[in-house]
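Peer 1: Sequence:
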Amino acid sequence: ALVIVVTSNMKMVPVPPQGFGNFFEGDCYIVLYSRNSGQTADIHYWVGNYSSQDEQGAAAIYVTQLDEYLGGSPVQHREVQGSESSRFKSYFKNGLIYKKGGVSSGFHHVETNFYNILRLLHVKGRKHVTAKEVEVSWNSFNNGDIFLLDVGKAIVQWNGPQSNRQEKLKAVLLAQDIRDRERGGRAQIGIVEGQYEEDSPEWMRIMNGVLGQRTWHLKEAIPDDPELTPNGNVRLYHVSDNSGNLLVQEMATQPLTQDLLRSTDCYIVDQGGSCVMVWKGRRASKEERQAALSRAGFIKAKSYPPNTKVEVMTEGGESAMFKHLFKSWREKGQTQGLGTTYSLGNIANVSPVKFDVMELHARPEVAAKQRMVDDASGDVLVWRIENLELAEVSRSTYGQFYGGDCYLVLYTYVKSHQQQYILYMWQGRHATQDEITACAYQAVNVDGKYNGAPVQVRVVMGKEPRHFLAIFKGKLIIFEGGTGRRGVVNPERGARLFQVRGTDELNTKATEVPARASSLNTNDVFLLKTDHMCYLWYGKGCSGDERVMGRAMSDVLSKQDKKVVMEGQEPTEFWIALGGKAPYANDKRLQREEPLHSPRLFECSNQTGCFRMTEVDDFAQSDLDEEDVMLLDTWEEIYLWIGKSANHSETKDAHDYALEYLRTHPAGRDLDTPIFTVKQGYEPPTFTGWFYAWDPHKWSVTQSSLSVTLSPPFVITSSPSAGGTMSPPAGGFNHYLDPEVLVNKSPSQLPYGVDASQREVGSIMDLAQILTDSLAQFGYQ
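So that you can map any letter, position 154 of the sequence shown is 154 in the UniProt record's numbering, and since no number is skipped, the others follow by simple counting.
These are computed hints drawn from the structure, not numbers from a lab. Mixed in with the good hints, there may be bad ones.
Derived DSBU-like pairs: lysine-lysine, alpha-carbon spacing no greater than 35 Å straight-line [stated by the list, open to error]: (1) LYS562 x LYS463; (2) LYS327 x LYS473; (3) LYS463 x LYS286; (4) LYS679 x LYS563; (5) LYS168 x LYS286; (6) LYS286 x LYS300; (7) LYS219 x LYS93.
Here are the in silico distance ranges between beta carbons for each label pair [said to hold, decoys possible]: (8) PHE676 x TRP575: 24 to 30 Å; (9) GLU615 x PHE676: 16 to 22 Å; (10) GLY184 x ARG205: 22 to 28 Å; (11) THR664 x LYS562: 33 to 39 Å; (12) ASN143 x SER377: 39 to 45 Å; (13) TYR196 x GLU389: 17 to 23 Å; (14) LEU388 x ASN143: 46 to 52 Å; (15) GLU626 x ASP199: 28 to 34 Å.
Here the structure is a predicted model, which means the values were calculated and not measured. Ideal placement from N, C-alpha and C gives every residue a C-beta, glycine not left out.
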């Protein structure tokens with residue numbers, strides 16, 4: 001839920017939904033964003049460039065009161081006009097509009113009256129858009145940005161000759177949003193390309209009629225202000241009020257440890273001026289806690305700019321970024337050793353989740369977080385590409401995918417009494433380029449049969465998304481090669497080894513790996529299928545849930561007798577079937593009682609002219625780029641993987657990259673951490689063990705490179721909504737309840753009929769009056 005209030009004459013005035021995204025430069029705003037049924041929240045305190053000191057002071061007090069009202073759990077963010085955080089901007093998908101006026105500047109809030117308006121908006125931003133009202137004159141234009149001339153019945157978008165495609169698209173969305181929200185959809189939108197103004201005579205007639213005829217060249221592009229990035233110089237300051245005087249004293253530099261934070265005090269974490277974070281202990285004095293947002297003196301003393309980002313949080317409600325700055329952060333009640341939640345190969349041991357389909361539909365943020373549109377109980381159709389055409393797959397073999405084939409999987413589910421579709425295009429690692437191209441072509445045909453409704457998802461073998469796994473209810477089997485075509489006999493492979501990953505029916509799959517001992521991993525379950533026996537091999541690091549799913553998968557793979565083999569107790573015939581014993585990934589760290597660190601993969605490249613490190617989330621072997629150097633951080637070691645086509649400069653400087661990474665890590669890493677240099681094609685098991693279903697023959701052919709280069713991208717488009725306003729929830733609870741009944745309650749503790757995701761909307765009106773009355777004790781009348 002999103003709630004916005006503006007401070008006006010020392011009072012909080014709620015902003016209606018149709019006004020979301022519009023900010024008057026002379027005012028201060030408080031933006032409350034809650035998620036997880038109101039259990040977690042962020043409070044943003046927005047300061048207009050022309051707001052008065054009184055308005056800023058009142059807003060700061062309101063934020064403190066609101067934080068206390070919500071139990072002290074929200075993270076507070078100070079936002080300054082023009083320097084808002086990415087999180088703040090993300091709430092307003094179509095952009096922010098800065099409007100002239102406000103209480104303190106002596107102007108009145110001029111609400112848009114359909115067509116009675118004339119303004120010029122200067123639009124900037126590629127990912128998050130901001131638009132500022134500027135003088136309605138050609139003097140405000142430049143060659144690099146985009147401008148919206150709003151004359152009420154028409155909105156003319158003028159694209160600077162040096163603006164890029166992404167900026168133009170974002171500006172169009174903003175223009176559509178203005179039309180729908182402020183004009184009820186009854187305004188025309190025109191686009192003028194700055195270098196081809198003569199191609200849009202009608203729209204230029206409107207512009208010249210308002211701005212006059214331009215007889216001079218426009219100014220050059222104005223470069224965007226570079227964003228400050230943390231420089232690694234992280235410092236911790238202690239805040240105390242001994243003798244009634246607030247004192248701020250430097251306490252430690254990186255690496256920071258959690259035990260430095262005491263519940264009785266407040267602290268400031270300074271990231272070298274890029275961001276200042278204030279941490280409030282739960283037992284800190286009231287004076288310290290209430291003064292947490294008033295750290296302007298600290299920012300001024302450090303000579304930081306006034307728009308420095310500030311975050312304030314209470315003990316127990318720390319943001320993820322804050323925790324990242326500390327070495328070995330532990331959550332309250334966190335277990336150690338094998339009980340700690342960990343992620344290896346990106347499959348986490350977590351408790352099975354019962355999906356509430358209605359909740360997933362009603363709260364898309366939950367669906368996004370779980371990567372599940374529903375509980376995967378919809379209808380499924382599977383086709384295989386045969387002779388470049390679609391061949392329907394027998395339902396008895398659903399879930400069996402061969403690396404030499406390509407498949408289309410159409411999933412149908414119901415949302416709001418309407419059928420929805422997802423079309424997965426699964427591409428086998430050993431499929432031919434013709435088959436991959438045909439798969440994409442047939443996907444377009446299927447999409448057309450359903451009038452363009454399906455969402456198309458390209459799935460590369462080994463990178464299956466969670467919902468794709470869930471469709472097959474824990475019975476997804478991926479064979480390394482061969483084909484599933486009827487009448488085709490795959491060559492006999494002798495012993496076959498399958499790696500099983502997953503803890504329940506929603507996230508389990510079995511992937512065939514080379515039948516050799518080096519493919520084993522101590523953290524997983526493996527199935528070894530021979531002519532006469534099926535062995536279930538349980539690694540020491542696998543969980544009980546993984547073993548249960550491994551047993552279920554063995555019944556799907558083989559009707560033979562099953563024999564359980566524990567790691568370290570393998571019979572001789574087991575090793576004979578694998579071609580003899582060999583080293584494999586048997587890292588014992590999972591058996592130690594210490595906090596665990598998930599492996600992280602980074603791409604290192606200087607192809608753009610400067611060195612950049614980009615983290616790869618949810619990584620797999622296919623993410624290793626042959627033209628770059630990759631850095632794999634397993635915490636106790638650093639691996640540098642050198643692609644065969646990496647340039648000489650990257651290869652030569654790779655070791656320096658690793659040292660710089662360790663040197664600047666905010667957790668204060670040991671510079672003597674072992675650094676391994678691994679060349680493509682010569683990876684040891686200690687490296688490949690961090691990758692799920694590693695294929696040692698992946699780079700023996702050039703097909704992988706071709707598939708990346710030639711596979712066509714797919715662009716999904718959607719029609720704009722007819723309206724642009726939010727409506728209050730229909731029906732439901734409409735009685736008055738005291739705030740104490742709603743605040744700091746779990747969904748199960750709320751009165752019958754109360755929508756947990758909307759309770760802030762109902763209580764914010766009461767809160768405005770409560771906090772307004774409380775201002776008297778701070779000297780405001």
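Peer 1: Given the range 39 to 45 Å, decide if the beta-carbon distance of ASN143 to SER377 lies inside it.
Peer 2: Hint violated: Cβ distance 55 Å, outside 39 to 45 Å.
Peer 1: Between GLU626 and ASP199, is the Cβ distance one that fits in 28 to 34 Å?
Peer 2: violated, 44 Å
Peer 1: At the C-beta level, are PHE676 and TRP575 separated by a distance inside 24 to 30 Å?
Peer 2: holds, 28 Å
Peer 1: Does the Cβ-Cβ separation between TYR196 and GLU389 fall within 17 to 23 Å?
Peer 2: violated, 45 Å
Peer 1: If you check the beta carbons of LEU388 and ASN143, does the distance land in 46 to 52 Å?
Peer 2: holds, 49 Å
Peer 1: Please work out if LYS327 and LYS473 have their alpha carbons no farther apart than 35 Å.
Peer 2: Outside the cut-off at roughly 39 Å; violated.
Peer 1: Given the hinted pair LYS219 and LYS93, is their alpha-carbon gap at most 35 Å?
Peer 2: holds, 29 Å
Peer 1: Starting from the hint 22 to 28 Å, judge whether the C-beta atoms of GLY184 and ARG205 obey it.
Peer 2: Because 25 Å falls inside the window, the suggested range holds.
Peer 1: Regarding the pair LYS286 and LYS300, is the alpha-carbon distance no greater than 35 Å?
Peer 2: Cα-Cα ~24 Å, so holds.
Peer 1: Given the hint that LYS562 pairs with LYS463, does the C-alpha gap stay at or below 35 Å?
Peer 2: This hinted pair holds, its Cα atoms lying about 29 Å apart.
Peer 1: 33 to 39 Å was suggested as the range; check whether the CB atoms of THR664 and LYS562 agree with it.
Peer 2: violated, 51 Å
Peer 1: Would you check the hint for LYS463 and LYS286, treating anything up to 35 Å between C-alpha atoms as holding?
Peer 2: Measuring from Cα to Cα gives roughly 51 Å; hence the hint is violated.
Of the hints listed earlier, those the structure fails to meet are numbers 2, 3, 4, 5, 11, 12, 13, 15, in rising order.
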